[in-house]
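We have chain A already, so just place chain B on it with the hints.
Chains A and B, in that order, give the protein sequences. Going by this note's numbering, the first sequence opens with residue 8, and the numbers climb by one from there. Going by this note's numbering, the second sequence opens with residue 376, and the numbers climb by one from there.
No incorrect hints appear here.
List time: in silico DSSO-like cross-link candidates among lysine-lysine, alpha-carbon distance up to 27 Å:
id, chain 1, residue 1, chain 2, residue 2
1, B, K555, A, K231
2, A, K195, B, K476
3, A, K291, B, K576
4, B, K577, B, K555
Worth flagging that the hints you see were computed from the coordinates, not collected in a lab.
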Amino acid sequence: MRQWWSSASIRTRLTTWYVSTMCLMLLVYASATYFAVRHEFYEQLEDQQRDGRAEVLGASRAEDRVEMQLNEILVVLVLGIPLIVALAGVGGYVLARRALEPIDHLASEARRVTAERLHERLSVPNQHDEIGRLAAVFNETLARLDSSFAQLRRFTSDASHELRTPLSVIRGIGEMGLRETRTVPEYKEAMGSMLEEVDRLTRLVDTLLRLSRADAGAVPLRRKPLDLGQLVGDAASSLAVLAEERNQQLHLDLASGVIVDADPLILREAITNVVDNAIKYSPKESAVGVRVARALNCALIRVTDEGPGIPPEHRGRIFDRFYRVDEGRSRDSGGTGLGLAIAKWAVESNGGQITFENLSRGGSAFEITLPLTSRSEGSLSVQQVNDTKGEYAS
Amino acid sequence: MRVLVVEDERKLAQVLVAALKAEHYDVVVAVTGEDGFFRANAEVFDLVVLDLMLPGRSGLEILQALRQRRVSTPVLILTARDGLDDRVLGLDLGADDYLIKPFALPELLARIRALLRRGRPSDVLRLKAADLELDLVTRHATRGTRVLDLTIREFELLDYLLRHQGHLVSREMLAREVWKEPHRATPIDNVIDVQMTRLRKKVDVEGSPRLIHTIRGVGFVLREGEP
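Just chain B, with the same shape it has in the complex:
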């Protein structure tokens, strides 16, 4: 998978490249708008990560020009301005998704995965990790032979973690996707932590390897073995 990153802030560009390479993407960086447009136009990419505030040629202009030339590569825009206008304008001009700076890397990676997955059916009926199984039809959860007695929220939480297994999820992602809260707020963060503790007590009982790990300052990950 080839990803083009158009970002003029060098430090951020470096971080993005490192994160994407760690996820085994083939990454190309453009640090100016012109270069970004030239490459996106001339080469084939599976995805473009586009900063909106670029010197010379703004991200929105690049996006518009690309779409006019019928380049249909998915574009994820990054912006520091979370004004509604910018977002709507970006999406209207043909962006596929947007993220507001400062964003969490797990979130960016999740969005990229979602964009790359798009168009392919992902109707799964069962989710699995090690000996943990989630039946989405009967809404049953089992770990080995043990049936887990989960509340609705815990089930949703486990569902989300399993869908992103092996990848970090931030509290922000959980608040938005599982709790449907559009704004970060302390109460919800506390609720997430409590629910996560409870879920872990049910899933990771003594004797079986731990699946749910907390990564301090970042979030959570469901993964076999060490985080």
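Chain A on its own, in the form it takes in the complex:
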């Protein structure tokens, strides 16, 4: 029975429910009516007898008549109920079909949607009813799937492009080198150039592997309480030479005693990438600011530059893998196009968030927020940030 119930269609189940409920209610209603009428009849009969108006003979006849009338009512009720139930059942069955029809329709529409046709949407007949809401939810899911598929496709094509570029360089240099006999310094030059490309490929593959491992959640985090000012100071200071080469001012404004729970190596990577970006895109002789502060409920790292900022059309995608605002430029500087993607992963895996804004005075600001540890009120011994500040600078 249970098996039949769960294997039956919703339509059958609805109708069965409906019919049984109707049966039960009609039975109760009919019996209540019958007994109420019967009670009424017999009371009237008794009243008449008490009044003494009826004769003894007439009394028994009256009783028979009442009995007969009651039987007639009973027959009507007993015959009528199945008829009504049958009619209602058929009606319910038809109604259920009409109510469920849009779902069948939705199902057959959804069946047509495949990975290749993810841009298609289901038609929403009436957006206010249940079916409409269901279709709308379906469509939202499809939109999300569509965008992740699009991202994946873009990533695959970007990745193969990035991998092919060094490969074709290596191939070209090799082929050119073999075309005619050359001098030893020329061969050395060619091989060195090939090795540079190999190095780039290696770095790219390493980074991709790390990101895919991060996607699979297979990168173990070694979180521990650490002084954010110190960590950021360290990371920024080791990049200070790059700013110096470009005659840029690197302003460090590091609050001490801002303690976060994070994996220092991974978080440091994020900071290095963001600060390096700021130095790279800020023009010569400009200023790059790195600030660590305690915000309301979180720790804050803010990196500002005086570069061109990021055009609005790129804003949504700057953290995407291989996404580059300026195709040629960052490739020349040896970047993999994965720096910000790594930074985003590194921050988020430590429970933080990374955001970006264009500044009204020009330039851009990257902001990293991280949850503070509960012990952030300086109960840890914190080495003076100033001690490490000058160490790597120069």
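This is chain B only, laid out in the frame that chain A set:
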């Protein structure tokens, strides 16, 4: 110094042999796991370079079997899988060091030197090359009569180059050993290049022979005369 190389990929094995021979090691190659195990067990080597992915008998099995037979030759494993498990497993089974493919030859040679040097005290107080001297106690650097004014990073860099003098060091080695960055990243590569340029300006002034050389695509070397 006798080194056994167990590597089934012939091209890589050839490269390893050539590189080790150039460093004057006596090299023996085994291209299968069985052969490698047999030789490591029967002959005496100062070091074994062992690939983990071998046909027939895996590198880990060989390593385990060797250690069970109390063969204590230092073993450096090579693996293309840099999953943490493989590394930990290898080291647990008694490997002395590991390298992930694709590795740079200078790095492999440096690791081999370190393994062969192990156990011998190497507490040096002074490092020298030509007329360049580094006093590790007072942290003074001099070239001839000239005192070099080095930053902490530059001193560390020169220290590292001097310890590996005559041998190539890759950017990867510098990033890990001097900058303590476990992952390759473009920013650090750029930093290394800038620091190296600055160091060279201080060390190799005009009039004295060049000591620090850049080998394109490979890295750097501190050496008297031509690289």
